[in-house]
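Colleague: Chain by chain, the residues run as shown.
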Amino acid sequence: MKILSPLRSADEAGPLREAGADEFYCGLAPPGWKETFGSAWANRRHPQSAAVLNEQALQELVAAAAPVPVHVVLNSPHYPPGAVEMLAVYGTRLLRNLGISALIVADLDLLLALVDAGHASQLHLSSLATSTNAASSRFFRSLGISRIILPRHLTLAEIGQCVIHGVEFEAFVINDGCVFEEGLCATTHEAGTFCLADGDGLKDMPPGTLDRYAFFKWTQNNCGCNASRGFPLGPCGLCAIPVLQSAGVGSLKVVGREASLERKYASVKLTALARDIARNGGDANDIREATIALRGAASLCRDARACYYPDLWNHQVSGKKKPLRSSGT
Amino acid sequence: MEYGLRIATLEGACRSPAEICDAALWKLFPEAPLTALYFGSEFCQELLPGTRDAEAFCAYCKERGLEAVLLTPLVTQRGLGRLSRLFGGLVGRGWCPTIAFNDWGVFELLRNAYPALPMRMGRLMNRGLRDPRLDMKTERAEGENTERGAGIRKLASSLGVRAVESDADLEPGYLGTGSNGLQRTLHVPYTFVSSGRNCLEKAAAAPAGKGLFTGGLTSGCKAPCRGVCRQEHRRDTQKPLWRAGNTLFFEAPPQWISRHMALADRVVFHERPLP
Numbered sequence: 234m235k236i237l238s239p240l241r242s243a244d245e246a247g248p249l250r251e252a253g254a255d256e257f258y259c260g261l262a263p264p265g266w267k268e269t270f271g272s273a274w275a276n277r278r279h280p281q282s283a284a285v286l287n288e289q290a291l292q293e294l295v296a297a298a299a300p301v302p303v304h305v306v307l308n309s310p311h312y313p314p315g316a317v318e319m320l321a322v323y324g325t326r327l328l329r330n331l332g333i334s335a336l337i338v339a340d341l342d343l344l345l346a347l348v349d350a351g352h353a354s355q356l357h358l359s360s361l362a363t364s365t366n367a368a369s370s371r372f373f374r375s376l377g378i379s380r381i382i383l384p385r386h387l388t389l390a391e392i393g394q395c396v397i398h399g400v401e402f403e404a405f406v407i408n409d410g411c412v413f414e415e416g417l418c419a420t421t422h423e424a425g426t427f428c429l430a431d432g433d434g435l436k437d438m439p440p441g442t443l444d445r446y447a448f449f450k451w452t453q454n455n456c457g458c459n460a461s462r463g464f465p466l467g468p469c470g471l472c473a474i475p476v477l478q479s480a481g482v483g484s485l486k487v488v489g490r491e492a493s494l495e496r497k498y499a500s501v502k503l504t505a506l507a508r509d510i511a512r513n514g515g516d517a518n519d520i521r522e523a524t525i526a527l528r529g530a531a532s533l534c535r536d537a538r539a540c541y542y543p544d545l546w547n548h549q550v551s552g553k554k555k556p557l558r559s560s561g562t
Numbered sequence: 250m251e252y253g254l255r256i257a258t259l260e261g262a263c264r265s266p267a268e269i270c271d272a273a274l275w276k277l278f279p280e281a282p283l284t285a286l287y288f289g290s291e292f293c294q295e296l297l298p299g300t301r302d303a304e305a306f307c308a309y310c311k312e313r314g315l316e317a318v319l320l321t322p323l324v325t326q327r328g329l330g331r332l333s334r335l336f337g338g339l340v341g342r343g344w345c346p347t348i349a350f351n352d353w354g355v356f357e358l359l360r361n362a363y364p365a366l367p368m369r370m371g372r373l374m375n376r377g378l379r380d381p382r383l384d385m386k387t388e389r390a391e392g393e394n395t396e397r398g399a400g401i402r403k404l405a406s407s408l409g410v411r412a413v414e415s416d417a418d419l420e421p422g423y424l425g426t427g428s429n430g431l432q433r434t435l436h437v438p439y440t441f442v443s444s445g446r447n448c449l450e451k452a453a454a455a456p457a458g459k460g461l462f463t464g465g466l467t468s469g470c471k472a473p474c475r476g477v478c479r480q481e482h483r484r485d486t487q488k489p490l491w492r493a494g495n496t497l498f499f500e501a502p503p504q505w506i507s508r509h510m511a512l513a514d515r516v517v518f519h520e521r522p523l524p
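As given, the protein sequences belong to chains A and B, one line each in that order.
Residue numbering for the first sequence follows our numbering, starting at 234 and increasing by one per position.
Residue numbering for the second sequence follows our numbering, starting at 250 and increasing by one per position.
Keep in mind the hints are simulated off the structure, nothing from the lab.
Predicted model only: the values in this text are computed from it and were never measured.
Honestly, I wouldn't trust all of these hints.
Said to hold, decoys possible - With a Cα cut of at most 30 angstroms, we get these calculated DSS-like pairs of lysine-lysine: (1) 276(B) <-> 386(B); (2) 276(B) <-> 267(A); (3) 471(B) <-> 267(A); (4) 386(B) <-> 403(B); (5) 471(B) <-> 436(A); (6) 436(A) <-> 488(B); (7) 488(B) <-> 386(B); (8) 488(B) <-> 276(B).
Stated by the list, open to error - Restraint ranges, calculated between C-beta atoms of paired labels, are given here: (9) 301(B) <-> 436(A): 55 to 65 angstroms; (10) 444(A) <-> 275(B): 17 to 27 angstroms; (11) 436(A) <-> 264(B): 49 to 59 angstroms; (12) 392(B) <-> 434(A): 34 to 44 angstroms; (13) 403(B) <-> 326(A): 53 to 63 angstroms.
Just so you know, even glycine gets a beta-carbon here, dropped at the ideal spot from N, CA and C.
Input sequences plus hints: build the corresponding full structure.
Modeller: See the structure below:
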């Protein structure tokens, strides 16, 4: 299984490769984007805090990353007038002239324009496009796209049911949760993170419900952006890697383009540790033990509080947690 | 122009839209016939009707000469199986309701296994911005941006879809000009803001510590949200917000609806927010 790491500048490439990254993704806007489209985002993250500065910086980044492939994120769920046309042309330039391996796309208009331009085999469907079942996988495979990035809120069994032959699959394994289904959230972080205040103004909910919701939202927001021993806290699915591997998921997504190099490095290193344990036949308990030993913050693992895939721990025998077996899904 | 009604139950379903529409909003709308009823769920697979209820809905519509439109949500493989059984049951008994799909997997299922069922592209397929904290985009001198959604409409039209649907988002235009033969349908007045599987209503009904949010995805749901609609207030918007089931809605201002109406062939009225 490959580890897909976020990347923002050339100087991050070496350390992240050393930490275990097998492929990179980054975001940037085409030249002239801001002049034409103002504050609109070319992808889902803030251009100031998460994007590669410009085309020259991208070329340096690609050179520094080599031979590790670099994918570019163009995954805004919607674009202003004229943007799809510009991005379709720029996507061609990225793939043909700038050494980019694949484009990560959510907007169907842009996806179809890039398919029409002959780039289907270098397109990854963003999780924002919400492909959540095998028939949907077949639909996107019929367009010729090469990879489907599965949305966050699927169980391991559901992920297994999405996987079909003829297309690659990628799943989230660490950092940055979402309270809602990201693809069905029609708000923008440009105006602040909408979900963090969600529910606060509700009345007449049963006692404790909003407190539990607040805790859930806190975990999704990387536990208030806290870290333990330098490792970011927050949603984590590392223990599920053996099951994901068995299900046919080929790429493990580390989230956080806007994070510091230290946080990116720690996240990739932790993911590589878990992936290597899985490669050597270790199970979820082995990964959990090793992760807690390195990262600490054992309380977040208690009751699967911060798990991306808490269904991994649904089976209990004699009071002891017994995870799903990797061959049992 | 023609009208549809989004209904929750068959009881008193066939009414004039004027009866359920806010009086000030109703002034925007011309006299037009009621042609369709909408039933089912756009946001949650746990709320899909059983075959018996769906069959009763089809019969009710047939008696009144109305199009029966069955709304379907984004689904997992289990939800897809449930839909397949539902479609199969209806077709097997001679019913052919129109299906509003909000998932390409559902579209794929319909196209391959139930080609007799007419298809409409549901409003969740429009991923345009609907942030209640923001104002609508100003209309351009050259008119609304009907290029938005052009690719998806062209694809849908070429694959046999009959209609494109939306609610009032921040930039009118997604419904297009109608030039590709798709009927353009606008849902009013409740625009969805956010939806997902980490359902607050489901968590509220779960035993303490059980079935909460992602931890509850594998547990069943008895749909405690049925009939429940909670108003929600936020400091960062004055728009009225409602939580119904797993989805948050706001009430689109009449000015917004007015701009979208110019691009609509059918308007579907919702008496209250329904997931």
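Colleague: Taking the hints in turn, state whether each one holds.
Modeller: Verification of the hints:
1. For the proposed pair residue 276(B) and residue 386(B), the alpha carbon gap of about 23 angstroms is at most 30 angstroms, so the pair holds.
2. The suggested pairing of residue 276(B) with residue 267(A) is violated, with an alpha-carbon distance near 41 angstroms, which exceeds 30 angstroms.
3. Among the hinted pairs, residue 471(B) with residue 267(A) is inconsistent with the structure: their alpha-carbon atoms are about 49 angstroms apart, more than 30 angstroms.
4. The hinted pair formed by residue 386(B) and residue 403(B) meets the criterion: a straight-line CA distance of about 25 angstroms does not exceed 30 angstroms.
5. Using a Cα cut-off of 30 angstroms, the hinted pair residue 471(B) and residue 436(A) holds, with the two alpha carbons roughly 22 angstroms apart.
6. A hinted pair counts as satisfied when its Cα atoms are at most 30 angstroms apart, and residue 436(A) with residue 488(B) qualifies at roughly 17 angstroms.
7. Proximity of residue 488(B) to residue 386(B) is assessed by CA-CA distance (about 16 angstroms); at most 30 angstroms being required, the pair is judged to hold.
8. Between the alpha carbons of residue 488(B) and residue 276(B) the distance comes to roughly 20 angstroms, so the proposed pair stays at or under 30 angstroms and holds.
9. Hint check: residue 301(B) to residue 436(A), Cβ distance near 36 angstroms, so the stated range 55 to 65 angstroms is violated.
10. Hint check: residue 444(A) to residue 275(B), Cβ distance near 42 angstroms, so the stated range 17 to 27 angstroms is violated.
11. Between residue 436(A) and residue 264(B) the Cβ separation comes to about 30 angstroms, which falls outside the hinted range of 49 to 59 angstroms.
12. Separation of residue 392(B) from residue 434(A) is about 37 angstroms and conforms to the stated range, judged on CB atoms against 34 to 44 angstroms.
13. For residue 403(B) and residue 326(A), the Cβ-Cβ distance of about 24 angstroms falls outside the hinted range of 53 to 63 angstroms, so the restraint is violated.
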